[in-house]
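Visitor: Everything in the sequence shown is counted per this note's numbering, starting at 214 for the first residue and increasing by one.
The hints are simulated quantities; they were obtained by calculation from the structure and are not laboratory data. Among these hints, one or two may not hold up.
Listed next, the in silico SDA-like pairs over lysine to any residue satisfying Cα-Cα at most 20 Å (straight line) [said to hold, decoys possible]:
(1) 350 <-> 450
(2) 394 <-> 430
(3) 263 <-> 319
(4) 716 <-> 582
(5) 432 <-> 347
(6) 498 <-> 469
(7) 712 <-> 754
(8) 473 <-> 447
(9) 716 <-> 824
(10) 275 <-> 391
(11) 549 <-> 535
(12) 347 <-> 299
(13) 394 <-> 491
(14) 405 <-> 510
(15) 822 <-> 705
(16) 394 <-> 357
(17) 712 <-> 830
(18) 716 <-> 538
(19) 552 <-> 499
(20) 712 <-> 629
(21) 357 <-> 432
(22) 347 <-> 268
(23) 549 <-> 811
(24) 394 <-> 263
(25) 357 <-> 421
(26) 503 <-> 421
(27) 662 <-> 622
(28) 549 <-> 510
(29) 353 <-> 366
(30) 473 <-> 353
As the structure is a prediction and not an experimental result, all values here were calculated from the model.
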Amino acid sequence: MEAGSSLQYWLKMIFMWIVLVLCLQSFGLASAHGRVGDDMHPLSHINIHKTSLALRDSVSIKASPLILGLKGEDTEWVTVNLVNPNPSEDDWVAVFSPAVFNSSTCLPVNDEDQEPYICTSPIKFKYANSSNSKYTKSGKAVLKFQLINQRADFSFAVFSGGLSNPILVAVSNFISFANPKAPLYPRLAQGKSWDEMTVTWTSGYAIDEAVPLVEWGLKGETQTRSPAGTLTVDQNSMCGSPARTVGWRDQGFIHTSFLKNLWLNSVYTYRMGHLLSNGSCIWSKTYSFKSSPYPGQDSLQRVIIFGDMGKAERDGSNEYSDYQPGSLNTTDQLIKDLKNYDIVFHIGDMCYSNGYVSQWDQFTAQVEPIASTVPYMVASGNHERDWPDSGSFYQNTDSGGECGVFAETMFYVPAENRAKFWYSTDYGMFHFCIADSEHDWREGTEQYKFIEHCLASADRRKQPWLIFAAHRVLGYSSNDWYAEEGAFEEPMGRESLQKLWQKYRVDVAFFGHVHNYERTCPIYQNQCVNSEKSHYSGTMNGTIHVVVGGAGSHLSEFTTAIPNWSIYRDYDFGFGKLTAFNHSYLLFEYKKSSDGKVYDSFTISREYKDVLACVHDSCEPTTLAS
């Protein structure tokens with residue numbers, strides 16, 4: 214081989230080797246972050262703008278019943294009968310709402326040659342052969358869909374060509390709920406005062422059409438009425454696609470009423486209504502809740518906390534990817550155990566709509582049995598907030614263009630500014646400081662000042678249990694991608710905050726984002742400050758960090774090497790529960806969503822003097838003066 218050709222050969226081999234290494238590194242990094250398809254919303258796989266039209270009279274699709282919710286139901290099963298003389302294994306059936314989805318509903322586009330026939334995503338879909346493996350031979354299928362009331366009618370469309378090259382071949386009859394505008398899906402949340410409960414719900418009634426209100430009172434006693442404020446979200450308030458384009462769907466009207474001056478620890482009943490101009494009122498069904506204890510009250514108080522639950526379809530829709538495989542198990546366990554807890558904290562990544570706006574209705578319907586009964590407090594996650602050049606700390610596109618708007622509107626939080634999703638709230642002996650990891654939390658920022666003020670404002674004699682929570686892991690996690698980055702945390706996560714946790718003696722810091730469960734020892738500056746594993750007593754010396762991000766979304770891998778501060782790890786779906794028995798004894802339990810059993814736990818027992826005791830970097834100034 215000549216010298217010139219030999220040099221070219223080796224340069225070519227080196228180039229190929231570099232490309233291979235870079236590809237492997239890229240794949241490893243993407244896998245570590247769970248980004249290889251896992252974070253793609255199932256609806257995003259539908260190339261709806263590329264739909265072509267080839268309607269066939271020979272294809273028949275019929276949906277029944279025609280009218281849903283005749284007895285006031287907000288959820289019903291629908292049967293779809295499909296007959297297709299030319300079946301294919303890539304045929305699929307989509308649910309559209311509103312029922313009309315042709316080009317008449319599209320916004321104007323600059324290039325008329327590229328004007329799509331369909332410009333809105335379906336709300337769910339199934340492959341035609343999902344219920345009949347012999348569909349490709351018989352051309353017949355019977356599909357079952359579960360629909361919820363979403364303020365509009367529905368139609369079902371048959372497509373061939375798979376999701377990437379959809380060809381519309383038939384559209385069904387239209388079906389609708391008896392009252393599409395009905396008040397639905399109440400979400401309770403604590404107000405800015407301990408004796409205030411807020412009720413947020415969704416309806417199709419504009420304020421010039423009907424007056425929103427809540428009728429409420431002590432169970433069995435005279436009821437009173439309170440007005441509600443109304444918010445809407447328009448398409449132009451979205452920051453980008455798909456929320457601003459193919460994923461957009463009108464979310465109706467979001468109402469919030471403030472029920473004030475509640476008697477503590479009392480059962481109240483309530484129902485949402487809309488007073489029409491003719492004097493009649495459209496009512497929801499009746500719900501109930503128990504009011505909060507007085508801050509510092511010594512009684513049994515139970516808290517559920519988790520992140521990243523998402524939503525799932527009970528009818529098996531959207532089976533292209535198993536996006537949140539643990540979501541329904543977690544939801545069902547919490548519904549089953551509803552009498553055994555008092556308040557819920559869902560710390561970010563709520564429904565993973567990712568810009569497919571119809572999913573918010575489906576999420577609020579899924580959690581309604583919980584959120585209508587106990588306060589459902591939420592935090593902001595990357596899938597609610599993040600979008601480039603929108604004010605979020607991270608410049609990724611995880612929100613699908615929603616940039617926090619729906620999270621801030623669909624759920625109430627007692628924040629001074631709901632666009633800045635940080636707030637404090639009290640529940641009896643607990644004081645909670647909820648941070649927003651999608652805005653800058655570092656020292657000197659507005660949020661850092663809030664966090665310090667929130668922690669400092671806890672009266673530890675009355676509220677001994679001080680809890681910090683945020684979506685991203687601002688503390689400790691041995692998730693594999695955090696391990697690769699070297700610090701076992703969100704970059705810049707705890708550098709500023711750990712001195713506040715230590716100074717103000719935070720008992721437990723909870724995080725989501727990483728889809729698994731992990732508990733640390735009481736820790737400060739990467740060092741365990743207590744050799745005990747599960748029963749802590751006396752002065753704590755550090756904060757226990759708990760990752761509870763395994764409530765539903767696809768699981769995250771751990772690093773193979775276990776750090777010495779990691780006490781318990783579980784690669785499974787689950788949630789956390791705090792129980793304060795009194796001012797001196799706290800129990801934490803980790804429960805799996807599959808069976809509701811406890812798989813990890815710890816206790817803290819101490820007296821008030823233990824909270825006051827001097828520990829490293831947390832000693833009050835003293836003087837020798839008398």
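Visitor: So, for every hint listed, does it hold in this structure?
Guide: Hints, verified against the model:
{"no.": "1", "hint": "350 <-> 450", "in the structure": "violated, 48 Å"}
{"no.": "2", "hint": "394 <-> 430", "in the structure": "violated, 25 Å"}
{"no.": "3", "hint": "263 <-> 319", "in the structure": "holds, 14 Å"}
{"no.": "4", "hint": "716 <-> 582", "in the structure": "violated, 39 Å"}
{"no.": "5", "hint": "432 <-> 347", "in the structure": "violated, 55 Å"}
{"no.": "6", "hint": "498 <-> 469", "in the structure": "holds, 17 Å"}
{"no.": "7", "hint": "712 <-> 754", "in the structure": "holds, 12 Å"}
{"no.": "8", "hint": "473 <-> 447", "in the structure": "violated, 30 Å"}
{"no.": "9", "hint": "716 <-> 824", "in the structure": "holds, 11 Å"}
{"no.": "10", "hint": "275 <-> 391", "in the structure": "holds, 19 Å"}
{"no.": "11", "hint": "549 <-> 535", "in the structure": "violated, 24 Å"}
{"no.": "12", "hint": "347 <-> 299", "in the structure": "holds, 13 Å"}
{"no.": "13", "hint": "394 <-> 491", "in the structure": "holds, 17 Å"}
{"no.": "14", "hint": "405 <-> 510", "in the structure": "holds, 18 Å"}
{"no.": "15", "hint": "822 <-> 705", "in the structure": "violated, 33 Å"}
{"no.": "16", "hint": "394 <-> 357", "in the structure": "violated, 24 Å"}
{"no.": "17", "hint": "712 <-> 830", "in the structure": "holds, 7 Å"}
{"no.": "18", "hint": "716 <-> 538", "in the structure": "violated, 40 Å"}
{"no.": "19", "hint": "552 <-> 499", "in the structure": "holds, 18 Å"}
{"no.": "20", "hint": "712 <-> 629", "in the structure": "violated, 25 Å"}
{"no.": "21", "hint": "357 <-> 432", "in the structure": "violated, 39 Å"}
{"no.": "22", "hint": "347 <-> 268", "in the structure": "violated, 23 Å"}
{"no.": "23", "hint": "549 <-> 811", "in the structure": "holds, 15 Å"}
{"no.": "24", "hint": "394 <-> 263", "in the structure": "violated, 32 Å"}
{"no.": "25", "hint": "357 <-> 421", "in the structure": "violated, 38 Å"}
{"no.": "26", "hint": "503 <-> 421", "in the structure": "violated, 33 Å"}
{"no.": "27", "hint": "662 <-> 622", "in the structure": "violated, 25 Å"}
{"no.": "28", "hint": "549 <-> 510", "in the structure": "violated, 27 Å"}
{"no.": "29", "hint": "353 <-> 366", "in the structure": "violated, 25 Å"}
{"no.": "30", "hint": "473 <-> 353", "in the structure": "violated, 57 Å"}
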